[in-house]
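Protein chains in written order, with our numbering: chain A, 1 to 114; chain B, 1001 to 1115.
Any given hint could be a false lead.
As the list claims (entries may be wrong) - Under the rule of at most 20 angstroms between Cα atoms (straight-line distance), these lysine to aspartate or glutamate pairs were calculated in the DMTMM-like manner: (1) B/Lys-1015 <-> B/Asp-1063; (2) B/Lys-1044 <-> A/Asp-85; (3) B/Lys-1083 <-> B/Glu-1014; (4) B/Lys-1044 <-> B/Glu-1068; (5) A/Lys-71 <-> A/Glu-15; (6) A/Lys-106 <-> B/Glu-1014; (7) A/Lys-58 <-> A/Glu-88; (8) B/Lys-1015 <-> B/Glu-1085; (9) A/Lys-49 <-> A/Glu-64; (10) A/Lys-106 <-> B/Glu-1085; (11) A/Lys-106 <-> A/Glu-20; (12) B/Lys-1015 <-> B/Asp-1086; (13) A/Lys-49 <-> B/Glu-1103; (14) B/Lys-1083 <-> B/Asp-1063; (15) A/Lys-106 <-> B/Asp-1086; (16) B/Lys-1062 <-> B/Glu-1085; (17) A/Lys-61 <-> B/Glu-1103; (18) B/Lys-1044 <-> B/Asp-1057; (19) A/Lys-49 <-> A/Glu-15; (20) A/Lys-58 <-> B/Glu-1103; (21) B/Lys-1071 <-> B/Asp-1086.
What the hints contain is simulated information worked out from the structure, not anything from laboratory work.
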Amino acid sequence: AQSVSQHNHHVILSEAASLELGCNYSYGGTVNLFWYVQYPGQHLQLLLKYFSGDPLVKGIKGFEAEFIKSKFSFNLRKPSVQWSDTAEYFCAVNVNQAGTALIFGKGTTLSVSS
Amino acid sequence: EAGVAQSPRYKIIEKRQSVAFWCNPISGHATLYWYQQILGQGPKLLIQFQNNGVVDDSQLPKDRFSAERLKGVDSTLKIQPAKLEDSAVYLCASSPPTGADTEAFFGQGTRLTVV
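Turn these sequences into a full structure, and let the hints guide you.
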């Protein structure tokens, strides 16, 4: 069965610090990879996604993620965080097949102090 | 474009009572999902519909949970009877009917507290 591991449960950073959140998945076949964000009081929103092609994908608000197939990883990065990035971040994966459901990691809470 | 609508936003019930949640997906989205998100964990799939047919309900506790999607649009999720461990946020999501490279769009969720 597929699973997703997020290594950091809670990350605390100061504004302008760089961010990297780890995500690993377990599945031997072709997968689609996602990062979702949930700001306080809001619904889950897509940050970025990878289906194929360039393994470095760019998303909204300056976030990017790199797919490293050999490491089964899809880490999220941002060079300089802002206070408004305070949120919960979820890595998710689904099998590369139409209509399959997402499997989520446990999430990482990011707290950014100004 | 209107998003995924869910109601109610919050619900508090006593254990052994029943409760129902409603979801209206984005217009034209054929696939609808119900997820359960327990505090401190990521969303876990309960059931997936394609139009009005069930695609995956392998993780739905069928002795107490039921879901339906009549006419392939709105959906309801019911819990009867509720247990303390059902306290969670219940998320509805929908996605378009095209291919694997589509994202799921989530509603605000219903926060259920069982006391």
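List of violated hint numbers, smallest to largest: Violated: hints 2, 5, 6, 19, 21.
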